[in-house]
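**Q** The residues making up each chain are set out below.
2 protein chains.
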Amino acid sequence: MKTLKIPEAAIMRLSVYSRYLSQLDRRGVVTVSSNDIAEGVGVSPAQVRKDLAYFGEFGTRGVGYNVKDLHRHIMKILGLNYQWPVIIVGAGNLGTALCMYAGFRERGFNIVGIFDNDPNKIGHRLNNVEVYPMSRLKEVVEEEDVKIGIIAVPADHAQEVSNLLVEAGVKAILNFAPKVLNVPAEVELRNVDLSVNLEILTFNLSYRRKYY
Amino acid sequence: MKTLKIPEAAIMRLSVYSRYLSQLDRRGVVTVSSNDIAEGVGVSPAQVRKDLAYFGEFGTRGVGYNVKDLHRHIMKILGLNYQWPVIIVGAGNLGTALCMYAGFRERGFNIVGIFDNDPNKIGHRLNNVEVYPMSRLKEVVEEEDVKIGIIAVPADHAQEVSNLLVEAGVKAILNFAPKVLNVPAEVELRNVDLSVNLEILTFNLSYRRKYY
Numbered sequence: 001m002k003t004l005k006i007p008e009a010a011i012m013r014l015s016v017y018s019r020y021l022s023q024l025d026r027r028g029v030v031t032v033s034s035n036d037i038a039e040g041v042g043v044s045p046a047q048v049r050k051d052l053a054y055f056g057e058f059g060t061r062g063v064g065y066n067v068k069d070l071h072r073h074i075m076k077i078l079g080l081n082y083q084w085p086v087i088i089v090g091a092g093n094l095g096t097a098l099c100m101y102a103g104f105r106e107r108g109f110n111i112v113g114i115f116d117n118d119p120n121k122i123g124h125r126l127n128n129v130e131v132y133p134m135s136r137l138k139e140v141v142e143e144e145d146v147k148i149g150i151i152a153v154p155a156d157h158a159q160e161v162s163n164l165l166v167e168a169g170v171k172a173i174l175n176f177a178p179k180v181l182n183v184p185a186e187v188e189l190r191n192v193d194l195s196v197n198l199e200i201l202t203f204n205l206s207y208r209r210k211y212y
Numbered sequence: 001m002k003t004l005k006i007p008e009a010a011i012m013r014l015s016v017y018s019r020y021l022s023q024l025d026r027r028g029v030v031t032v033s034s035n036d037i038a039e040g041v042g043v044s045p046a047q048v049r050k051d052l053a054y055f056g057e058f059g060t061r062g063v064g065y066n067v068k069d070l071h072r073h074i075m076k077i078l079g080l081n082y083q084w085p086v087i088i089v090g091a092g093n094l095g096t097a098l099c100m101y102a103g104f105r106e107r108g109f110n111i112v113g114i115f116d117n118d119p120n121k122i123g124h125r126l127n128n129v130e131v132y133p134m135s136r137l138k139e140v141v142e143e144e145d146v147k148i149g150i151i152a153v154p155a156d157h158a159q160e161v162s163n164l165l166v167e168a169g170v171k172a173i174l175n176f177a178p179k180v181l182n183v184p185a186e187v188e189l190r191n192v193d194l195s196v197n198l199e200i201l202t203f204n205l206s207y208r209r210k211y212y
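Keeping their order, the protein sequence lines are chains A and B. Reminder that position 56 of the first sequence reads as 56 in the working numbering, one-by-one numbering, no gaps. Reminder that position 149 of the second sequence reads as 149 in the working numbering, one-by-one numbering, no gaps.
FYI, nobody ran anything at the bench for these hints, they're computed from the structure. Among the hints, a few may not be true.
Unchecked claim - Straight-line C-alpha distance at most 20 Å; calculated SDA-like pairs for lysine to any residue:
{"id": "1", "chain 1": "B", "residue 1": "Lys-179", "chain 2": "A", "residue 2": "Arg-61"}
{"id": "2", "chain 1": "A", "residue 1": "Lys-50", "chain 2": "A", "residue 2": "Arg-61"}
{"id": "3", "chain 1": "B", "residue 1": "Lys-138", "chain 2": "B", "residue 2": "Leu-164"}
{"id": "4", "chain 1": "A", "residue 1": "Lys-171", "chain 2": "B", "residue 2": "Leu-205"}
{"id": "5", "chain 1": "A", "residue 1": "Lys-171", "chain 2": "B", "residue 2": "Tyr-207"}
Chain A on its own, in the form it takes in the complex:
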């Protein structure tokens, strides 16, 4: 396993900061302090400074950060100074919902195809994205230079789809299937477990309320 020097939670916060900076920029704000960012997104100022410090010195002491520069810099750190072509495998409810999800495009993710084996779905368009047969996976990945694939198929097909994505040349997989997948070490894999979000709510409803 490789050493992860920057905690994933810090990357998630960078993502939140970048959205806040983008809002400030749209409102015409030119400079911002770490205290402003902290207040705007609900973390401590020390946390903001620590997260930004992982990636070098940005601000001017006593003046703060230039909003546009900091936003651009964070987007670059996140790899979002670039339009990423993405494919989805599985044109069921989840795959369709992800294909329609406006949040992806806003952040520079461009869904270039959705793949399924159902002949009734193939050739249709979802949100202007074509549904392709699985047999065209490799061809589309190569033509569109796709590095990221999203798995939105049932659990018992997820490993098979993951293998096909890796063979086709995908370098990062976002897996929505509730299934542990094996991928080669050089492929980035992230599992999305939607129930964790509900568990944070039930923790807050039960434990936190009882003990604080």
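Place chain B on chain A using the hints.
**A** Just chain B now, with coordinates in the frame of chain A:
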């Protein structure tokens, strides 16, 4: 804003530990060390001990933790020693996908209804869950003692739906709409932004690979 003494990342890890302990239990493992848990889930042993220490002393020094006891204890901390009735608002692709999502039921979340305004959807069943009209929201929340509502409607209806959920008596909201919602301070709100998951992948594909 209330002070959160236990970081959210620790709650997410507890959720991961509990899944791992449940696997061990099914395999008949009786005791486990913090090192075993750490290795099993891919965090440091010190992190495991720190996370568990938030909630008191569990293990026996030199012996480790009893798998069943620790699992039961963590589930209780997470509020999962209990079946939570949950409703979904929005029977579009996302709402339908969430309604079908097996991961919720496995963790004790029981979808008791899905609400929509489309007359063509009302009365149908999705995964044995009835689609109700919005007019029956308050009645179902009261009858089923629902504390948690999931918003899966387009962004421009999300605040209206959130207000209706709060009025109906829901205490926690999981919001999938890409929209900042206002809720009373006593209501727990969690926004799910699916693109953050892709951003962690692009960070790993671009920054991490370049600099480590």
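**Q** Holds or violated: B:Lys-179 and A:Arg-61, Cα atoms, limit 20 Å.
**A** Violated, because 34 Å separates the two Cα atoms, which is more than 20 Å.
**Q** So if I understand the rule, the pair passes when the alpha-carbon distance is 20 Å or less; does B:Lys-138 with B:Leu-164 pass?
**A** holds (8 Å)
**Q** Holds or violated: A:Lys-171 with B:Tyr-207, Cα cutoff 20 Å?
**A** Since the Cα atoms of A:Lys-171 and B:Tyr-207 sit roughly 14 Å apart, the hinted pair holds (cutoff 20 Å).
**Q** Are A:Lys-171 and B:Leu-205 close enough, with their CA atoms no more than 20 Å apart?
**A** holds (8 Å)
**Q** Given the hint that A:Lys-50 pairs with A:Arg-61, does the C-alpha gap stay at or below 20 Å?
**A** holds (15 Å)
In the structure shown, a violation is registered for the earlier hint numbered 1 alone.
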